[in-house]
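K.L.:
The lines below spell out each chain.
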Amino acid sequence: MYTLNYKYKNNKFLIEWLKLHNFALKKECLVQFFSGTPNQEFMQNLATTLTTALPNAHILGVTTDGEIMDGGVSANETVISVSIFEKSTIHSVNVEYKTNSFDMGETIASELYKTDIKAMILFTTGLSINGEDFMGGVRKVSTDKCIVAGGLAGDNGEFKNTFLVHQGKVLTNGTIGVALCGEELNVKNSYQFGWEAVGLPMTITKSKGNRVYEIDNVSVNDIYIKYFGDDIAELLPKVGVEIPLIVNRNGIKTARASIFQFDDGSLLYAGNVVEGESVSFGVGSPELILKDSEDIYIRFKKDCNPDTIFIYSCMARRRLLGSKSIMELTSMSKKSTISGFFTYGEFFSDKNNNYLFNETMTILAMSESGFQSDIEIVEDKFTLSKDHDNRLIYALTHMTNVVAQEWQERLDREIAKNKDQERASFQKNKLAQMGEMISMIAHQWRQPLNAISATGINLSLLSSMEMLDDKKVQESSEFIQSQTQKMSKTIDTFMNFVKPVKDSKGFKLAHTIDAILQIMGSQLVNHNITVSTNISNHDISMVGYEDLLEQVIINLLANSRDAFEDIEKADKFISIEIIMEKDIPIIILEDNAGGIPKEIEEKIFNPYFTTKEQGKGTGIGLYMSLDIMKKSFGGDLKYSATKDGSRFEIICGEL
Amino acid sequence: MSLELKEEAKELKVLYVEDERDTREQIAQILIIFFKEVIVAENGLDALEKYKNNQNIDLVMTDLTMPRMTGMDMIKNIQKIDHKQHIIVLTAHNSSENLMETIDLQLDGFLLKPLKMERLIELLLKVTKTINLEKNNLKR
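Protein chains in written order, with this note's numbering: chain A, 675 to 1329; chain Z, 2 to 141.
These are calculated hints, taken from the structure and not from any lab test.
Treat the hints loosely; a few may be bogus.
Some but not every residue of chain Z turned toward chain A, in silico, with C-beta under 8 Å [stated by the list, open to error]: (1) 23; (2) 27; (3) 77; (4) 78; (5) 80; (6) 113; (7) 116.
Under the rule of at most 30 Å between Cα atoms (straight-line distance), these lysine-lysine pairs were calculated in the DSS-like manner [to be verified]: (8) A:1160 with Z:117; (9) A:1146 with Z:11; (10) A:1145 with Z:140.
Which residues of chain A face chain Z? A partial, calculated answer using Cβ under 10 Å [to be verified]: (11) 1123; (12) 1128; (13) 1132; (14) 1169; (15) 1199; (16) 1200; (17) 1263.
We treat Cβ as the ideally placed atom computed from N, Cα and C, and that holds for glycine.
My request is simple: use the sequences and hints to build the entire structure.
P.N.:
What follows is the structure, encoded as structure tokens:
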């Protein structure tokens, strides 16, 4: 196979050139033209000229943001690349955009796929297509059986109109592609990224597909203003290509460049940016920017000698590297014919997946005579540029990253410290709760102990006064046994409470309340507190860690009990109610212990805030209770004041 | 000693106050061995009512922590009616604060629960002897 390139001047010269090389007589002829004239009329004219001159050829045209031909890079010109295959077959198709980008990808890939396919080169229009979804659709068919290359059409950075040509037809919204098939055909692909993340990682907080609304909870436009200033943000979406977002796809660092800005400020990127994913801004790496012009940093291995190389490279590389972008191509062009264009997004595939890249140079190399080695990128040693401006950019980029990293480390340390502190507080609270439990047990045990000891005294006295009969002995013995059973049951209940986190499982709320009152009941009674329960439905149940909910309820009951200690009141009550509201169980605890002073109402859920005297409260009970309800039950804990007390609603979250 | 107590207490009437049923029943059974009459009450309020409705209660024995009306409040109310009323407190709360308050109230004694037999008989004997002595003095 061989490829010849031609820079278009006019139709007359073009037809002469085509005739000169006898392309019309060739059986498998692939014509790609890369045009920096994003004009429908021009594209149609060229399509007609080519189809007339080469009726048997497969003709694919695409508008660009710059053209690549042999060792040179151009803009606003048209490069025509004609490849003649001798041992392989090719065929081409076009598909108009219908429902969505994914389906379009699947459709064109299905139409191109053949069992002996080695590669498919695909182009799509550049502005309304979701390149990542498109590549996902293609992958459904191409799987890991063939290489996928190509890219999104450009329009010189205008972001207005991009066009494709297939045979005599111009497409304004769709895709075209060619399949390269044959056993003798050897195809390899590679890519060069070279963009570097700068600053701290950010999180995408609102996005849909490839449209991003918010980053770090700030509108995406304001994020650009924040980090780069108003003047740079004014230049969106164009400038988004020079400062792309860096995302991670299957472990491959790739960029997402903005291609359109909506009236609401949200940005459309050339590929998906997923809500929740971590992104950074990217800048051309110092290595990329600062290479001295003598350095050529992309090379093939010595024995690798492909016939033809197609380059589909990001528009940003032409804009950022300027004349240097030629440099990255010259070494290759010495041995092989190179052509290609600067895109709005590059297509790439490996054994794991298909990718939409931005900011990347993708390379598709092929030969019919066979080239043994893989295409290999040889990185030259980085040398700092002698150029003053470049040095400064390098220094600032470096400093930004070091400062960001320093702050991240500092932040991590603080977070770790806070976590330790929180863990210690939770531990302290757990211990305080254990103390509570033990005092409850003590209360619970005193009564049977008193009763048993009185029984013993009774027996002893009756015996010494010769008044003891068998019936009395029997009765007393049974009584003692029943009392010890009671004590044993208290221990069981207690053990159940202190057991480390039980499984998350379904449980009935009425049972939970019962168990708590078994433990706490007598203590509350001893404080002259009347406890009433109003459980509308004893089958109301929920799923989760029951002991965590127990902790919350005990905590609130103990708070009520303590609140009563500070006031004189004859009629002390706590009411416990379980209700269902919109399928969500709610436990309502109300007391008449005076409530929480208005001025501190806001603070009660803050950690370490306590109204209890020194040594009594850890100040973490309510904070922890709220935390448990939110994190473990997806619920909430709400306080409101009543006429003469407090009302807490334990909202148990979705069933 | 228990026989001696049986002799001293055989004509006396005691009001025993305890909120917990099992303890109340068991201790009441001990008291019934010695006393002529044992009146039981479940809490301070109940006890105060029974105290008012029953003539000639010689001794009040009471728990301190109880619902509705605490033992301490009940004692203060009883002492308003009869400041010489003999009273013994039975409680599990052995804090010094409680002890000090009992001293202020000039009670006849203080028993810790769970009860010890010797201490119970000893105190009851001492108090019943005093009561009988006072009764005899009153008769003469």
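K.L.:
Next, verify each hint and record whether it holds.
P.N.:
Going down the list of hints, with the structure as the test:
Checking residue 23 of chain Z against chain A: minimum C-beta separation of about 4 Å stays under 8 Å; hint holds. A least Cβ separation of about 4 Å between residue 27 of chain Z and chain A falls short of the 8 Å threshold, and the interface hint therefore holds. Using the Cβ-Cβ criterion of 8 Å, the hint placing residue 77 of chain Z at the interface with chain A is not satisfied: the shortest such distance is roughly 14 Å. With 8 Å as the threshold, the beta carbon of residue 78 of chain Z stays out of range of chain A, its nearest partner Cβ sitting at about 14 Å, so the hint is violated.
Annotation: interface hint on residue 80 of chain Z violated; nearest CB of chain A at approximately 20 Å, more than 8 Å. This hint is violated: residue 113 of chain Z has a C-beta 10 Å from the nearest C-beta of chain A, more than the 8 Å allowed. The interface hint given for residue 116 of chain Z holds, since its Cβ lies 6 Å from the closest Cβ of chain A, which is under the 8 Å cut-off. Using a Cα cut-off of 30 Å, the hinted pair residue 1160 of chain A and residue 117 of chain Z holds, with the two alpha carbons roughly 22 Å apart.
A distance of roughly 22 Å separates the Cα atoms of residue 1146 of chain A and residue 11 of chain Z; the hinted pair therefore holds under the 30 Å criterion. For the given pair, residue 1145 of chain A sits about 42 Å from residue 140 of chain Z by alpha-carbon distance, which is inconsistent with the 30 Å threshold. At its closest, the beta carbon of residue 1123 of chain A sits 5 Å from a beta carbon of chain Z; the interface hint therefore holds under the 10 Å criterion. Because the smallest distance between the Cβ of residue 1128 of chain A and any Cβ of chain Z comes to about 4 Å, under 10 Å, the interface hint for this residue holds.
Interface hint status for residue 1132 of chain A: upheld, as the beta-carbon distance to the closest one in chain Z is roughly 5 Å, under 10 Å. For residue 1169 of chain A, the interface hint is violated, since its Cβ never comes within 10 Å of a Cβ in chain Z; the closest pair sits about 23 Å apart. For residue 1199 of chain A, the interface hint holds, the least distance from its beta-carbon to any beta-carbon of chain Z being 6 Å, beneath 10 Å. For the restraint placing residue 1200 of chain A at the interface with chain Z, the shortest Cβ-Cβ distance is roughly 5 Å, inside the 10 Å limit, so the hint holds.
With its C-beta approaching chain Z no nearer than about 20 Å, residue 1263 of chain A sits outside the 10 Å limit, and its interface hint is violated.
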